[in-house]
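Engineer: Required output: the full structure, derived from the provided sequences and hints.
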Amino acid sequence: MLAPVSHNLALTTILRKRELPVNGEVIPKLNQRVLATNIIAEAEYSYKHHLIDVARLLGIKPEDAEKKLNDIRVGQNISAGTIIATGGGLIANDVKVKESGRVVAVGGGQVLLDTSGKELAIKAGISGEIIEVIPNRGVVIQEVGALVQGIWGNGRVNSGTLHILADKPDHVIEASQMDISIRSFVILGGSCQDAESLKAAADITVRGLILSSLHPSLLGLARKMPYPIIITDAIGKKPMNASAHKIISTNQQRENVTVNAEAYHHYTGTRPEVIIPLPHSNLPPPPRKVESFAPDQKVRLRRRPHAGATGILVELPSALQTLPNGLRVVAGKVKLTSGEEITVPLVNLEVLG
Amino acid sequence: MASVIGSDSVLALDIGSATTRAILFDVVDGRYRFIAIGQSPSTAHAPFNDISAGIGEAIERLEEITGRKLIDEDNRIIASVQEDGSGVDAITASLSAGETLKVVITGLLSEVSLESAKNLATSTYARVVESISLNDSRKEEEQIDAILKAAPDLIIIAGGTDDGAAPSLKKNIEVIGLATYLMPKEKRPAILFAGNQQMTDEVLKTLEPLSSSMHTTSNIRPSVSTEDLRTARTALAQAFVEIRKKQITGIEELNMWAGGRMLPSVFAEGRIIHLLSKLYGAEKALLSINLGSSATTLSLGFGNHLQTKVYPHLGMGLSVSELLSHTTAKNIARWLPISASSQKINDYIYTKALYPNSIPATKEDLLIEQALGREALRLAIESFSKELPDDVPVLKKSLLPLFEVVLAGGSVLSNAPTFGQSLLILLDALQPAGITSLILDKNNLIPALGTAADISSILPVQALETGAFINLATVIAPVSSARYGTNILKASLRRADGSVSTEEIKQGGFKVLPLRAGETADLNLQPLRRADIGLGAGKKLSTKVSGSALGIVLDGRGRPLDLTSDDVRRRELIKKWLWTLGG
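Those sequence lines, one after another, are chains A and B.
When we follow the working numbering, the leftmost residue of the first sequence carries the number 7, and every step to the right adds one.
When we follow the working numbering, the leftmost residue of the second sequence carries the number -8, and every step to the right adds one.
Keep in mind the hints are simulated off the structure, nothing from the lab.
Owing to the predicted nature of the structure, the values given are computational and were not obtained by experimental measurement.
Hints are not guaranteed to be accurate.
To be verified - When the alpha-carbon atoms are kept at most 30 Å apart in a straight line, the in silico DSS-like pairs for lysine-lysine are as follows:
1) 129(A) <-> 295(A)
2) 236(B) <-> 93(B)
3) 387(B) <-> 275(B)
4) 54(A) <-> 230(A)
5) 129(A) <-> 140(B)
6) 176(B) <-> 35(A)
7) 243(A) <-> 205(A)
8) 67(A) <-> 130(B)
9) 237(B) <-> 54(A)
10) 102(A) <-> 130(B)
11) 304(A) <-> 237(B)
12) 566(B) <-> 433(B)
13) 339(A) <-> 335(B)
14) 321(B) <-> 243(A)
15) 502(B) <-> 354(B)
16) 535(B) <-> 269(B)
17) 230(A) <-> 321(B)
18) 269(B) <-> 387(B)
19) 93(B) <-> 109(B)
20) 237(B) <-> 196(B)
21) 252(A) <-> 335(B)
22) 74(A) <-> 162(B)
23) 74(A) <-> 196(B)
24) 67(A) <-> 196(B)
25) 295(A) <-> 236(B)
26) 93(B) <-> 129(A)
27) 295(A) <-> 178(B)
28) 161(B) <-> 102(A)
29) 387(B) <-> 567(B)
30) 60(B) <-> 196(B)
31) 23(A) <-> 236(B)
32) 23(A) <-> 93(B)
33) 54(A) <-> 109(B)
34) 54(A) <-> 93(B)
35) 567(B) <-> 73(A)
Stated by the list, open to error - With beta-carbon atoms standing in for the labels, derived distance ranges:
36) 238(B) <-> 44(A): 29 to 37 Å
37) 326(A) <-> 269(B): 34 to 42 Å
38) 223(A) <-> 56(B): 45 to 53 Å
39) 380(B) <-> 88(A): 52 to 60 Å
40) 238(B) <-> 135(A): 28 to 36 Å
Backbone N, C-alpha and C define an ideal beta-carbon position, used for all residues, glycine too.
Structural biologist: Here it is in structure tokens:
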């Protein structure tokens, strides 16, 4: 059976494609190095328009209105107050533009202006080298380092130097730990169960907060925080899985650590992730996106009674297995790191690798 | 639909959000039968993003179960039966996987054509994200911006009676034209026109070049007082498949295998319930339920009328956390026979939303999952009941209509470890009144039968008759205003072997008269104190009944079901009800 994979890797080659949803301008050049917060592509994509019904304003038929337009072309920038059409008759009534904008359509006696001037910009989301430029759309970035993927992110991205507050996987963060000495760091914080800790982290302008778990009532507040927040293991109260904790906690004071808290998207596959750039001599292998379940794989359990626990898949019985609750499922036998051997539905497992 | 004589063997592929099913039907002793099912987790989502892998695994499982080779060395389905017995004669496909479609609806009057456009949109896996009508006070440019922000997958245009005035509709078409013109080509939506038929040519001329796929259908509001979605549903099904072809790798190929006959699963479900309701006649309605991962879907068949509704916010997978926007953890907890804190229920919901394909592995989690299923189904049926046609028979306005048959599927129901658990989820959530047969679609075959009807119109009927479904129980639920503890119904059952069972049910009571599947018996029902079993207050009934997994269930718990606020007593009652049904 095909297995979902969650990446917890101490050293790997990470490739990320960053693309605009529409055509635009790609900023970095091939082989250039970028930081996670660098904008790599921009485009004009507006949600604010102004429609000028020239025909109605001049009281003429739409087909006649085109002749009255003062050489208006798509793409042209027009300032507020500009006369775009002049009527005929004894008292000529002019059509003036009320808001500055760019002409995006002309036809049927109407002129449509894009008045937002707002640009769509996408950030690198990962530090690294540009190894491919996708013309007009974006880039592919390559970085070598540690990669830890999470289950939830608040949509923000930043990078900074890593500071370990959670020296154990079951650490619970407290507001009092957020003092000025760790200002502007990326913090490995453990589990967060109170709003004060999130607010205190904002007060000291942390560059990112890596959590094992977060109380569900704090999800709304976490979304509003100005810094990226990643949850590695659970909504609720759970320790960090040992593998992720080991990878992150052994990189204390490492610089340019990216916290890309992109939301976990079931269909596009975007995942929140922590990327720790590391020195290397050769390119290590990239992570595998898809695996089939097989004995000896390192796995993480997604559901109770051992949610977040890791272990080794030791056997894949061919017959359906009956769980204590009576469900009959395709399951695997997993030896937990504690030594206990349990039967787990395969759909409740993910391969760590 | 197809002619009566069709291909012999049919491989029906159903691609759900969580599960992909490969189902084999074949002719045995001159009749179509359900042979076997192979299942695999779906792979429409990341990191696979291609349904083919899930289909391949599901077919492999089917091959293991049946011993029949269905895929050749080049990994292609063997598309006709070979001398060695391998292959299949025909392939069909149904689909519910994928993100819920974002739909913009436009009409003229909000309570007329716009309402019909909404009814059409919500008959598939879609959410209305923006609506535009004459009642909309926004300027045209604001409407354009609203459409751009909504980034729809589909725009449904309704409005104007046939031969009616066109200028207002033209204005809507202009707004849609400008909005779609401003979208990048690859982001343009599909467009379905279902308005004033005189405008069809103009709509095609203006909007076809600006859409990803253009569909036209008959007017869904041919007159102010008439709504007709029948033809439009088919056009919507085609639009849905076209959109999915562009979104999900593997759909186009699967549709080719299926001869271009792929359907949205909910459309296929509706087709079956429509077929059955015509067979049963027009006295009582039929209901089909799918408590699925992507959505809860309900289809009502009544004579020639079909009503289908999809509730994507009440799905048991990815969208399960949305349930908390429509109810509370406390409301969910009231269905539990155990004590569970709101925190625990919230934790469960968020974990399930993160891992929608995962399943409960502990007793407590299974109970929470089943409680979520009850609450989602209760909310869906509550909303559905408000929109039913007036002529569907009911015992009381506040109650669910009288259903002849309820056909239920979805993994919460079909995977429940006991039939008693499946039945109690249905009874608690639906609270049917009168006499109803509840049938479990244990293998979630209904969408497959709906698509197979394209190959052979008798296949669904014969497959239904040959044990592909589990007849859970015949439920007698008297409606009475009698005091709690008062006798409201006397029931006696005379079996073919001469044995007789008699029970009296009290207001608040819940009992079972066992009658095994395959047995028949004479059932006599004597309502007491003017209780009504669907025939009128106090009216008796003597009838022949067939056995089922759980027999005749006498549900006197009251309609609506009044769950006591005393937590301890309520939990004890739920345990007792479950015990009555065998646990």
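Engineer: If any of the earlier hints don't hold here, list their numbers in rising order.
Structural biologist: 11, 30 and 35
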